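**Q** Protein chains in written order, with the working numbering: chain A, 26 to 325; chain B, 6 to 61.
Some hints here could point you the wrong way.
As the list claims (entries may be wrong) - Heads up, incomplete: computed chain B residues facing chain A, CB under 8 Å, no partners named:
hint: 1; residue: E10
hint: 2; residue: D11
hint: 3; residue: V37
hint: 4; residue: I40
hint: 5; residue: L42
Stated by the list, open to error - From chain B, some residues computed to sit far from chain A (all C-beta separations above 10 Å):
hint: 6; residue: M6
hint: 7; residue: L7
hint: 8; residue: V8
hint: 9; residue: V9
hint: 10; residue: D41
hint: 11; residue: D53
hint: 12; residue: P55
hint: 13; residue: E57
Simulated from the structure, these hints should not be mistaken for lab results.
None of these values were measured; they are calculated from a predicted model.
Ideal Cβ positions, reconstructed from N, Cα and C, are used throughout, including at glycine.
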Amino acid sequence: MSYINDLENVKERLRVACNRYLASEDKLPVTCTLNDIADVFDEYDEYSYMNAFLNSIEVFPDKDYSINDTEGHIKGIRDYAFYKNSALKSVFLPALENFTGITDCDNLETIIVKSASSRTNTYAYINLPKIKKIIDVGGVWNAQGYYAFGNLASIEHISIPQTIFMARRFVDGCPNLKTFICYDYPNNENVNFTYRGACYVQAIIILNQTSVSTLSSTNELLGRNMPNAVIYVPSALQSSYASATNWTAVNAARTILQIESNINSLRELGADFSYTPYANKKWENGALVTDSTIGEEVDS
Amino acid sequence: MLVVEDYGTEFKKTYSDSGFYIHKIGTSEKYVDAIDLKTATFEYEETDEPIEEVEV
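With the sequences and hints as input, model every part of the structure.
**A** Next up, the structure:
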């Protein structure tokens with residue numbers, strides 16, 4: 026009998042400890058079994074229950090809780106995992122399999138996430154007043170929601186993965202954007218960058234090496250609200266863009282340049298070619314050469 | 006109905022005057038409007054998919 030009581034006490038201690046790391050809706054009840062507790066730890070590799078960890082800012086207000094998962098342990102984060110967390114300055118999550126977004130972090134400056142799965146984000150990145158750079162690579166993004174990049178007053182650099190769909194106002198309220206790296210141009214009529222006013226993006230860099238992006242309308246790219254935008258494409262496709270539907274008019278108005286021979290100046294502008302075919306490449310004597318001192322992450 | 010009109014001296018513009026997307030024949034590409042070189046031989050047809058009204 027004493028053994029049973031001891032076991033019950035241990036189970037209760039485990040339950041309490043376990044609950045510290047669970048979101049409120051997932052906390053285990055007193056009636057849970059040891060198997061329930063074991064299940065939580067079994068799933069730990071698949072989903073990280075980070076709410077309790079990250080909101081520790083209230084306990085240690087001066088600590089930087091930036092996440093740098095270089096070993097790729099974190100496979101997923103819950104909705105609102107970082108919500109209202111002011112402790113984060115940077116997030117590096119290169120092994121996510123399930124991911125909906127990062128929102129409402131007052132001091133977050135850099136996000137690098139690499140996710141292998143499709144997504145259906147709404148408001149994937151919104152209300153991050155100090156964010157300067159978001160590199161979101163890997164997988165195929167199915168962005169059904171509006172405002173994927175919304176209300177990011179300080180953002181200067183965005184990289185996005187391949188997309189099969191983008192809802193309207195995909196990049197909205199990002200007036201200080203300097204570089205935008207994408208696999209294909211976000212093809213969604215005229216409300217991508219300028220719905221809330223001018224966007225001074227300087228370089229739109231299209232990575233697809235094999236085919237020309239379909240541009241469904243020239244309204245935005247030829248409009249007044251993107252006065253500084255220059256398009257950069259792989260050199261192998263530059264002539265194809267110059268004669269492609271709609272791009273031909275864009276090329277006549279603002280010239281479509283090749284990435285390769287401009288990669289040094291693009292990098293000076295702040296473009297980060299991590300996880301692209303141009304990682305660690307620079308233009309030298311008329312050719313692309315590898316320079317590992319640049320230190321960009323190479324896609325594996 | 007499909008409309009083709011001059012767009013400057015170098016280009017032509019194709020669109021639907023009924024507010025539908027147009028489809029480039031022989032491809033899966035659809036456009037709100039399509040600007041091509043006057044020498045281009047692309048052919049278009051009107052789809053039955055209305056262009057969503059843009060909120061401003």
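**Q** Could you run down the list of hints and mark each one as holding or not?
**A** We went through each hint and held it up to the structure:
Of the supplied interface hints, the one on B:E10 is violated, with its beta-carbon coming no nearer than about 13 Å to a beta-carbon of chain A, more than 8 Å. The beta carbon of B:D11 comes no nearer than 12 Å to any beta carbon in chain A, farther than 8 Å, and the hint placing it at the interface is violated. Taking 8 Å as the C-beta cut-off, the interface hint given for B:V37 holds, the closest approach to chain A being about 4 Å. At its closest, the beta carbon of B:I40 sits 4 Å from a beta carbon of chain A; the interface hint therefore holds under the 8 Å criterion.
For B:L42, the suggested interface contact is upheld, since its CB lies about 6 Å from the closest CB of chain A, less than 8 Å. With a least beta-carbon separation of about 19 Å from chain A, B:M6 lies farther than 10 Å from that chain, consistent with its non-interface assignment. Interface exclusion of B:L7 from chain A stands, the closest Cβ pair being 14 Å apart, more than 10 Å. At the 10 Å boundary, the C-beta of B:V8 stays outside the reach of chain A, the nearest C-beta of that chain being 15 Å off.
Every C-beta of chain A lies more than 10 Å from that of B:V9, the closest at about 13 Å, which supports listing it as non-interface. Against chain A, the non-interface label of B:D41 is violated: not every CB pair exceeds 10 Å, the least being about 5 Å. Distance to chain A confirms B:D53 as a non-interface residue, since its nearest Cβ pair spans about 17 Å, more than 10 Å. Consistency note on B:P55: stated as away from chain A, and its beta-carbon is indeed over 10 Å from all of that chain's, at 13 Å minimum.
Under the 10 Å C-beta cut-off, the non-interface status given to B:E57 relative to chain A is violated; the minimum distance is some 8 Å.
When each numbered hint is compared with the structure, violations occur for hints 1, 2, 10 and 13.
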